[in-house]
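There are 2 protein chains.
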Amino acid sequence: MTSHTTERPRRVGGRSARVTNAVYTAVGHLMAHERPDRITIPMVAERAGVNPTSIYRRWGDVDALLKEVAVAVMAHENDVLPDVGTFTGDLTEWAELIADDIARPERSRYLRALASARDELVEVCPCWNVRGAQAARLIERAHERGEAVPTVDQVLDHIIGPLYHHAVFALPVTRSYARRLAADVLLMAQPAS
Amino acid sequence: MTSHTTERPRRVGGRSARVTNAVYTAVGHLMAHERPDRITIPMVAERAGVNPTSIYRRWGDVDALLKEVAVAVMAHENDVLPDVGTFTGDLTEWAELIADDIARPERSRYLRALASARDELVEVCPCWNVRGAQAARLIERAHERGEAVPTVDQVLDHIIGPLYHHAVFALPVTRSYARRLAADVLLMAQPAS
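Chains as they are written, first to last, in UniProt numbering: chain S, 1 to 193; chain A, 1 to 193.
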């Protein structure tokens with residue numbers, strides 16, 4: 001059912017937007033107080049003041065809903081990218097911002113909800129795309145300055161992957177860990193051709 | 001309650017060992033057919049032919065049980081390390097073996113059970129220790145041959161972290177992905193001093 005969240009276009013504005021906001025807010029509250037696997041659509045509906053039927057109709061099941069909220073949360077992180085004039089500075093600060101964000105307990109819970117909501121193998125993780133687009137912008141800027149840069153895949157695999165891994169397995173997600181990952185990725189940088 | 005699994009010494013032999021084997025086997029079967037969050041101790045007890053009370057007494061709750069089984073599964077992986085005579089060969093084959101292992105659906109489910117069983121921040125993930133010890137042995141051998149080597153942390157952060165991240169978020173875990181991660185880590189290798 002999670003395909004709802006990626007295949008059905010999201011309606012916007014008016015009543016639909018109000019329902020979405022109420023439901024997202026309710027999920028956010030519940031995620032901060034309940035284990036994801038204990039959250040049910042009736043619980044969300046009651047807190048959001050929405051008819052459970054409209055949640056079932058729109059999201060299909062609670063996993064699809066939790067996943068969509070988690071992805072939405074990811075997608076709105078760090079809209080302002082660091083721009084300190086060097087790739088080393090930008091990459092390090094970007095990694096630290098992501099660590100700060102996912103280190104928050106409610107964000108770790110979102111990430112676990114996303115993981116536990118994924119029952120089928122998918123080719124692309126939506127929040128993965130957001131991070132990839134951010135990494136591509138940082139790399140493009142550095143490339144224009146003639147700096148040595150890693151690939152987008154290297155940034156995703158070696159900064160985002162390890163940070164998210166630590167978050168879902170409740171390992172420490174700290175700024176110093178983020179800096180260590182960024183420093184390792186900088187070792188992979190190739191001179192601009 | 002998950003602290004049971006790390007703080008209480010595991011009794012071995014006789015009745016206790018038979019209970020453990022029956023319970024682990026039951027969990028393994030259920031994990032292959034149910035979402036982890038739908039597995040209950042009564043379900044495990046029924047399939048294992050064990051009194052639910054003895055499971056509650058020994059493991060405390062289903063999360064602690066699922067986590068212990070997941071850790072036990074991790075801890076018995078890849079006891080035979082690759083030894084092809086070069087660090088590049090050993091690291092690449094080791095990464096491929098781990099990818100093969102966690103790419104199996106039941107193993108991904110174990111990993112998700114482990115993630116969802118972790119409610120408190122812990123300093124060390126048990127399966128992390130097993131992987132770290134394996135990486136340390138590969139690095140030590142290479143160092144003795146005078147090869148350039150990365151650190152144990154670099155191997156954990158940039159091979160294990162990304163592979164487990166892909167597994168829990170249902171992203172593809174392939175041998176080619178494992179080879180790519182190993183190749184990136186080799187770029188971090190420093191000459192033997």
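Hints are not guaranteed to be accurate.
[As the list claims (entries may be wrong)] Covered, in the sense of this in silico footprint (three residues per stretch, anywhere, with C-beta under 8 Å from a C-beta of chain S), are these stretches of chain A:
(1) 44-56
(2) 87-95
(3) 163-170
[Said to hold, decoys possible] If you want a taste of the chain S side facing chain A, the calculated C-beta under 7 Å gives, among others:
(4) Q154
(5) D184
(6) M188
Because the hints were derived from the structure by calculation, they are not lab data.
Ideal placement from N, C-alpha and C gives every residue a C-beta, glycine not left out.
Checked hints:
A count of 0 residues in the stretch 44-56 of chain A with a Cβ less than 8 Å from any Cβ of chain S is obtained; the coverage claim is therefore unmet, three being the minimum. Judged by the Cβ-Cβ criterion of 8 Å, the stretch 87-95 of chain A is not covered by chain S as claimed, because only 0 of its residues qualify and three are needed. A count of 6 residues in the stretch 163-170 of chain A with a Cβ less than 8 Å from any Cβ of chain S is obtained; the coverage claim is therefore met, three being the minimum. Nearest Cβ of chain A to the Cβ of Q154(S): about 6 Å, under the 7 Å cut. The hint holds.
Taken as an interface hint, D184(S) checks out: its beta carbon lies about 6 Å from the nearest beta carbon of chain A, inside 7 Å. Of the supplied interface hints, the one on M188(S) holds, with its beta-carbon coming within about 5 Å of a beta-carbon of chain A, less than 7 Å.
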